[in-house]
Amino acid sequence: MNPYNRSIIHLNVADFAVAVERAVDHRLHERPVIIAPEGAVRAAVYDMSNEAYITGIRKGMALQRAVRLCQDVRILPPHPHRYEQAMRDVLKRALPYSPLIETGEDDGHLFMDATGTGRLFGPPRDVAWRLRRQIKTDLGLDPIWSVAPNKLVAKVATRLVKPDGAYIVSAGEERSLLAPLPVRLVPGIERDDLLRLREFNLTHAFQVAALSLEQLAVPFATRARLLYEAVRGIDPSPVLPVGQKPPQVIADHEFGIDTNDVHTLESVLYGLVEQVGSRLRRRRRVARRIAIVLDYSDGMRRARQVAARPATANDLTLFELARRALQLAWMRRVRIRHLRLIGARLVFPPAQLELFAADQKADEKRSSLIGAIDTVRHRFGHEALRFGRTLAA
Amino acid sequence: MQTEQTKSPCRLWVGTSGYSYTEWVNAGFYPPGTRSGQMLPLYARTFPITELNFTWYQMPKAAAIERMRRQAPPGFRFAAKLTRTLTHEVDPDQWRGQASQYRDGMAPLVQARQLTAVLLQFPPSFSRAPQNRRYLAALLDELAGLPLAVEFRHASWAADRVFAELERRRTTLVAVDEPALPGLFPRLDLVTNPELFYIRFHGRNARGWRSGNMQMQFDYDYRDEELREWADKIITPMTRQAGSGTIFFNNHVRGQAPKNARRLISQLIEGGLL
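Protein sequence lines correspond, in order, to chains A and B. Here the first sequence stands for residues 900 to 1292, where the numbers follow the working numbering. Here the second sequence stands for residues 4 to 277, where the numbers follow the working numbering.
Simulated from the structure, these hints should not be mistaken for lab results. The beta carbon of each residue, even a glycine, is placed where N, CA and C say it ideally should be. It is possible that part of the hints are untrue.
Unchecked claim - Simulated pairs of lysine-lysine, DSSO-like, Cα-Cα distance not exceeding 27 Å:
1. K1050(A) <-> K991(A)
2. K236(B) <-> K262(B)
3. K1050(A) <-> K64(B)
4. K1050(A) <-> K1035(A)
5. K1035(A) <-> K64(B)
6. K991(A) <-> K1035(A)
To be verified - If you only want the chain A side, here are some residues facing chain B, beta carbon under 8 Å, derived:
7. G1017
8. L1019
9. F1020
10. G1021
11. R1024
12. D1025
13. A1065
14. Y1066
15. A1070
16. G1071
17. E1072
18. S1075
Required output: the full structure, derived from the provided sequences and hints.
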């Protein structure tokens, strides 16, 4: 397959969180909507509808200020599970068309490599249109779409047709599409690059494209190649196959009342550890990395991870690691709304024994204890046996 | 068979619906390794006209249309589908603005006198209901001045009052070749615009027609006799009623459209129509 004649489809459900909420509640259509945690003193806007955007509301803005700007705005709390489910539903409809599909982090973005599928499904633009129609009919979401020779140009194209529409970019049109655009619209060009470009009074892609790689290398050194290619619409990066993401085991807890009480959090954390540990053991895997994702009540998110050496599926060891990750992530006094525990980098249990006899004995005791708990729970149900620290939750 | 023909005064253009199909490289119409951006100049070596179907998927933009126009030789002609937001997904509050945008997007072709027709192709669900009749009339008014051709997919539009109104507006009724399925607009050889007739060959794949998959819907290879029947019984009479005519093959799958178009051109040359 000619790598320079690819057809990449990019689907983007604009204002994804709002779109998902509107699909659930039709009364939200055509009125300003904000997704933000209610009740928190310093809550920030997580997402908003176009109607809210027009009034001046922006992502990350303090909720109190947003409400002053648009007094009849409807405020909804974030529902991460809904967004994940919607993204899974979108992916399910895309899967029949190509094995090469990359989705964003539950943000309504999807790349599909439709190169070479024409004989089966027709021109990629028709696939994109049909997929959009199917998603609209089945899920009530209305993605904008583009077809372009690579991911970078496809992404720019969907930025140009917001909030609705479509854009088809043929091979050879990449540079002319990007030329008149401000450089801030070109993906991959970061904040520091923009500041440096502004120092040289370079604000648009065509101005940067007028420079050679050698000229760009003087101020941008190792970033020069990326800039040189980005403003010309060159992006050889592949669309990764579905399922390329390494498997993870995830457990979540959403607090009914936001909290910053250590005991409550650790109690909930242990419950999550039990869920993750149990699923790991059922799959006969151990995790080499433990991550915590915290959502604060003002909408801020923070994630931290720690390595498990050796990899483990034992609740007691997992809890020590999870607590360490929680301490790293929990750096603010703002109350916490949502806690997620992730067991990642799953591998088969290590065959190698501990070097020292004492460590070996301690490990065996822990394994025996958790094994016994699993046996009891398997026979009498999960609630038959609980750790004291989880009773406080 | 006639040995000496007098060329018809009706100017005919034959081409295909769309030209950018990578599978036409495999079918041998384009040389191996041809990129989609290189296809139009190669296509124009064989055919004098194409029907743009990407304008159905996205609103045409004048700059992109001009870039495309410059890729083709000066005498090359274009027909262009009207955008889906004006035929299939109409928003009652937005469509007039969309029509205005479409007109702006097409301006380079109008100015260069290379636009043969704008194709208004309506979906099978677009029946001759009162609200659809009113919409069609308003849309034709909004697009007045452009060379318009209307293709119906619903049989209810096959009515004398419809044809009379199209004649009054000098708007072309598109003649179609498609599978003989119930409910589809019938095959007619009516000329409602003395300046232009417009024919589309969709193929006769009855099994694939309602599959929802273009690769099945338009997978058909016309036999010589089928094309000959059209040339003799339909196209020839139509050329006597109009100053020009354009014919497109939409059965793009596996390069059948350019193959059938070339075959029809040969037959039209033999018949003295080209």
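(request) Any hints from earlier that this structure breaks? Give me their numbers in increasing order, please. (result) none
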